[in-house]
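Protein chains: 2
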Amino acid sequence: MKEKYISMAVIRRLPTYYRYLGNLEDAGVERVSSQELSDALQMTASQIRQDLNNFGGFGQQGYGYNVAKLHTEIGKILGVDTPHHMIIIGAGNLGQALAGYSSFGKRNFDVSAIFDVREEVIGKEIRGVTIQPMDSLEAYLKDHVVDVAALTVPKSAAVEIAHNLKDWGAKSIWNFAPIDLELPKDYIVENVWLLDSLMRLSYSLKEKEEA
Amino acid sequence: MKEKYISMAVIRRLPTYYRYLGNLEDAGVERVSSQELSDALQMTASQIRQDLNNFGGFGQQGYGYNVAKLHTEIGKILGVDTPHHMIIIGAGNLGQALAGYSSFGKRNFDVSAIFDVREEVIGKEIRGVTIQPMDSLEAYLKDHVVDVAALTVPKSAAVEIAHNLKDWGAKSIWNFAPIDLELPKDYIVENVWLLDSLMRLSYSLKEKEEA
Chain A
1 MKEKYISMAV IRRLPTYYRY LGNLEDAGVE RVSSQELSDA LQMTASQIRQ DLNNFGGFGQ
61 QGYGYNVAKL HTEIGKILGV DTPHHMIIIG AGNLGQALAG YSSFGKRNFD VSAIFDVREE
121 VIGKEIRGVT IQPMDSLEAY LKDHVVDVAA LTVPKSAAVE IAHNLKDWGA KSIWNFAPID
181 LELPKDYIVE NVWLLDSLMR LSYSLKEKEE A
Chain B
1001 MKEKYISMAV IRRLPTYYRY LGNLEDAGVE RVSSQELSDA LQMTASQIRQ DLNNFGGFGQ
1061 QGYGYNVAKL HTEIGKILGV DTPHHMIIIG AGNLGQALAG YSSFGKRNFD VSAIFDVREE
1121 VIGKEIRGVT IQPMDSLEAY LKDHVVDVAA LTVPKSAAVE IAHNLKDWGA KSIWNFAPID
1181 LELPKDYIVE NVWLLDSLMR LSYSLKEKEE A
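Heads up: the protein sequence lines correspond to chains A and B, in order.
Per our numbering, the first sequence starts with residue 1, numbered consecutively.
Per our numbering, the second sequence starts with residue 1001, numbered consecutively.
Just chain A, with the same shape it has in the complex (with noise of 0.2 Å):
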């Protein structure tokens, strides 16, 4: 398929494109115009057309972009038409925020299990999903496919349990400790890094004092 030769650049904009035509089609909107996606994403028209042109261009001249159409055939070349097993290490207040999202369900990833340490948690429901002992993580890895691991646990516990994550068969991790994981390099990664984005957020503060 030609989607293999992709940029990373273009496969990074596409969460975008996909949650804005999902908003746009759950609002009812049935087509919309590069130009009208170059208004609300800011980018530029030519930009976006470029991009949705990579998986043979959904678009007809003068009339825009089908959303549903264009919608579907981005969520598969995300893989979101597939079922995705998740589950969450770490039962914290962020553990507890992830499992209790319900908008994983709609993109296809459910929560199968929760695992911690700490006894106080243990045997307690989130969603119908129990807190399971952190000692059983290595044969739940073994009985069942775990597509995504969400590591919530603290920054001093992440590599371990990363590495131990890992051999025992889970396929990706999505890491919200804020450490490098120092996994190989072809061992999928996805980091949440929630103070460059607060840096992000400190340096349009100082710029705006400083206009």
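Think of the hints as simulated: they come from the structure by calculation, not from any bench.
Model, not experiment: these values are computed from the prediction.
Don't take every hint at face value.
Derived lysine to aspartate or glutamate pairs resembling EDC-like cross-links, with alpha carbons at most 16 Å apart [said to hold, decoys possible]:
hint, chain 1, residue 1, chain 2, residue 2
1, A, K76, B, E1207
2, B, K1076, A, E119
3, B, K1206, A, E207
4, A, K208, B, D1186
5, B, K1106, B, D1026
6, A, K208, B, E1190
7, B, K1076, A, E207
8, A, K166, A, E138
9, A, K185, A, D167
10, A, K76, B, E1210
11, B, K1155, B, D1180
12, A, K106, B, D1196
13, A, K69, A, D39
14, A, K206, B, E1190
15, B, K1171, A, E210
16, B, K1106, B, E1025
17, A, K185, B, D1039
18, A, K171, A, E190
19, A, K166, A, E190
20, B, K1069, B, D1039
21, B, K1206, A, E190
Dock chain B against the given chain A, drawing on the hints supplied.
Frame of chain A, contents of chain B only:
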């Protein structure tokens, strides 16, 4: 100052440098070469040299960069040397996770108040900060300078509260609700799109299975 003309692309990479240099500094590393940065950050060495030259260049040919100095200088550019006041709107799991996050203090962001509508959490304390009723938000914003309002309320409430935050004087919003806040373009909003991150993960999984 020269900084004003630095492209947004460079600015968006600064938090990455800042985070990595901070880790090196914590580990007692004094000097780092562009090649070492390149290996760690998966950017080319020439890209890194170009980026860092924007700030007058803190490197010396053959000696590499002074870690502590570069870390401090990038921190200044990002505005981390100034204290910022943050409030959190929504004391659900995510809001409580943010309130308990000790790394904010290290970056000069202090959580000074938390607000929620739910009777059962009002009056509770998180890290010494009491959860206040949402009704008192307007009065609070009249009496206090608020640099950042972290918005962790449900999607359905986010747009209205965001407009209030802007009208009542919060200088910026750090948005965790999976929705476009529809604020004027000159108002500072930094969005944390967790689902976009999850979609990138989904794509990586798909690519690997097809490879």
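(request) Enumerate the violated hints, using their earlier numbering and listing them in ascending order. (result) 2, 3, 13 and 20
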